[in-house]
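Here are the chains, one letter per residue:
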Amino acid sequence: MKAMFIAFVGIFVIAVAADQVLHRAGFAIDEVTSAPSVRLD
Amino acid sequence: MARSSIRFLTLLVAAFMTLTSAASAQTVPAEGEPRAETGGAQTLEDILRRQENQKLDDSFRSDNIGNPDAAAPATGQLGTLGGVSDAEFWRAYRYNELDELGTVKASAKGPSGDTSVTQVVIQDTGMTWLKFRRGPLKEYGGYLLLGTIAILAVFFLFRGRIMIDGGKSGKTITRFKGIERFAHWTLAGSFVLLAITGLVQLFGRFFIIPLIGHEAFAPVAIGGKWIHNNVSWAFMLGLVMVTVMWVKHNIPNKLDLKWFAVGGGLFSKGVHPPAKKFNAGQKIIFWGVIFLGVSISVSGLSLLFPFELPMFAATFAHMNDLGLPQLFGMEALPTDLAPHTEMQLSQTWHAIVGFLFMALIIGHIYIGSIGMEGAFDAMGSGQVDEQWAKEHHGLWYEEVTGKPAYKDAHPAE
Numbered sequence: 001m002k003a004m005f006i007a008f009v010g011i012f013v014i015a016v017a018a019d020q021v022l023h024r025a026g027f028a029i030d031e032v033t034s035a036p037s038v039r040l041d
Numbered sequence: 042m043a044r045s046s047i048r049f050l051t052l053l054v055a056a057f058m059t060l061t062s063a064a065s066a067q068t069v070p071a072e073g074e075p076r077a078e079t080g081g082a083q084t085l086e087d088i089l090r091r092q093e094n095q096k097l098d099d100s101f102r103s104d105n106i107g108n109p110d111a112a113a114p115a116t117g118q119l120g121t122l123g124g125v126s127d128a129e130f131w132r133a134y135r136y137n138e139l140d141e142l143g144t145v146k147a148s149a150k151g152p153s154g155d156t157s158v159t160q161v162v163i164q165d166t167g168m169t170w171l172k173f174r175r176g177p178l179k180e181y182g183g184y185l186l187l188g189t190i191a192i193l194a195v196f197f198l199f200r201g202r203i204m205i206d207g208g209k210s211g212k213t214i215t216r217f218k219g220i221e222r223f224a225h226w227t228l229a230g231s232f233v234l235l236a237i238t239g240l241v242q243l244f245g246r247f248f249i250i251p252l253i254g255h256e257a258f259a260p261v262a263i264g265g266k267w268i269h270n271n272v273s274w275a276f277m278l279g280l281v282m283v284t285v286m287w288v289k290h291n292i293p294n295k296l297d298l299k300w301f302a303v304g305g306g307l308f309s310k311g312v313h314p315p316a317k318k319f320n321a322g323q324k325i326i327f328w329g330v331i332f333l334g335v336s337i338s339v340s341g342l343s344l345l346f347p348f349e350l351p352m353f354a355a356t357f358a359h360m361n362d363l364g365l366p367q368l369f370g371m372e373a374l375p376t377d378l379a380p381h382t383e384m385q386l387s388q389t390w391h392a393i394v395g396f397l398f399m400a401l402i403i404g405h406i407y408i409g410s411i412g413m414e415g416a417f418d419a420m421g422s423g424q425v426d427e428q429w430a431k432e433h434h435g436l437w438y439e440e441v442t443g444k445p446a447y448k449d450a451h452p453a454e
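Going line by line, the protein sequences match chains A and B.
The opening position of the first sequence corresponds to residue 1 in this note's numbering, with each subsequent residue numbered one higher.
The opening position of the second sequence corresponds to residue 42 in this note's numbering, with each subsequent residue numbered one higher.
Everything hinted at is true.
Okay, derived cross-link-like pairs now, PhoX-like style, lysine-lysine, Cα gap no bigger than 25 Å in a straight line:
1. B:212 to A:2
2. B:444 to B:218
3. A:2 to B:218
4. A:2 to B:318
5. B:318 to B:209
6. B:318 to B:444
7. B:318 to B:295
8. B:299 to B:317
9. B:289 to B:317
10. B:212 to B:317
11. B:299 to B:324
12. B:209 to A:2
Quick partial rundown of chain B residues pointing at chain A, CB under 7 Å, derived from the structure:
13. 219
14. 222
15. 223
16. 226
17. 227
18. 230
19. 231
20. 271
21. 272
22. 274
23. 275
24. 421
Simulated restraints, written as ranges between beta carbons of each label pair:
25. B:85 to A:32: 34 to 40 Å
26. A:20 to B:168: 36 to 42 Å
27. A:40 to B:77: 46 to 52 Å
28. B:414 to A:20: 41 to 47 Å
29. B:253 to A:5: 29 to 35 Å
30. B:77 to A:35: 41 to 47 Å
31. A:35 to B:181: 34 to 40 Å
Think of the hints as simulated: they come from the structure by calculation, not from any bench.
Cβ coordinates follow ideal geometry from the N, Cα and C atoms, glycine included.
Could you build all of it, start to finish, from the sequences and the hints given here?
Right, dumping it as structure tokens:
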């Protein structure tokens, strides 16, 4: 069962990393779909 | 002050005159005719019909695009508009009744739904997408999942759990290595998360909001969207890993025919067709996961990066070249799609594939857990009982151990 739990932790790590990478690369959906005149924060 | 008041009054009078003359130019239905009470505009009944997904003849709107032939002379009131008011012009724009010069076509109403700029500004296909998403997709998708569960429940009632006929031997052999189990659970765990969050996005409005309310559902939907968008990468990684590791074991061969001939031994006790590492049933699951997984990943990427990865225009062009639509008596598929139409098709396809995928995996989960004794161990600990291996994957058992799995003549020969 160890492989299963490692995989589940891996899914979590990949998801957080993907979120961070996409945000920093400027692919956040709010940035992509809004004009510069929109204040996002 | 007085001058600005006069200017305001002048504007007001001009606006009033414009409105009255525009209204008089429109054909107002006589009393007793449809939509007489709204002067020809849509009624509450029209709105309700649309909300109920009922067919609505909207020609009262699409045909109401002015009449250039009956335009007042250019010197007359509104004559310079060419017999078409602003509202009529925009209706003509929506229903694709403008010619290349941007004036209302004098000819009869043509087919709407082309991919000109009209379809970007006024998205008629958005309603088609929304109706499909709220109607057949939700309905038939739900039936598919519930039907699959019902069939498995009936199967379980009649067949019960498929037991190890020879009883457990107490000795085990390694069925899947750690890296194989890691890949499987990365794919499986991410799939379950994606399936649940996908269903929440689709069904939440209809089944969860009535239970917990809008305020409580909002964070659920936002969290679900975060999970769905970001866990997808783990799914794609798992998909690549299992493909690389298992594809050579899943090439169809003549053994699969023997497996199919006896229904895989699923329907009768003591029947164990010969199989290597994966039997024909597992091969169906494997190739189903690969094809559906690739398709759902590609359409998912198209949704994840909106308008960046349109895929349907090119796909439709290939299908037309192959003559697939014509094979089914259909017209050639459109190949010049508006950006929003591409997104709507991606979402629709993503959901359809998602439902098929879920139905397939429900069956897989059943047979890998409660449906068969000893099956879960293969992916749990990676160790399976030798007797289980002999019964379900006899040829693989012989390859791995070098010992015979069958007492009598070799069943594969």
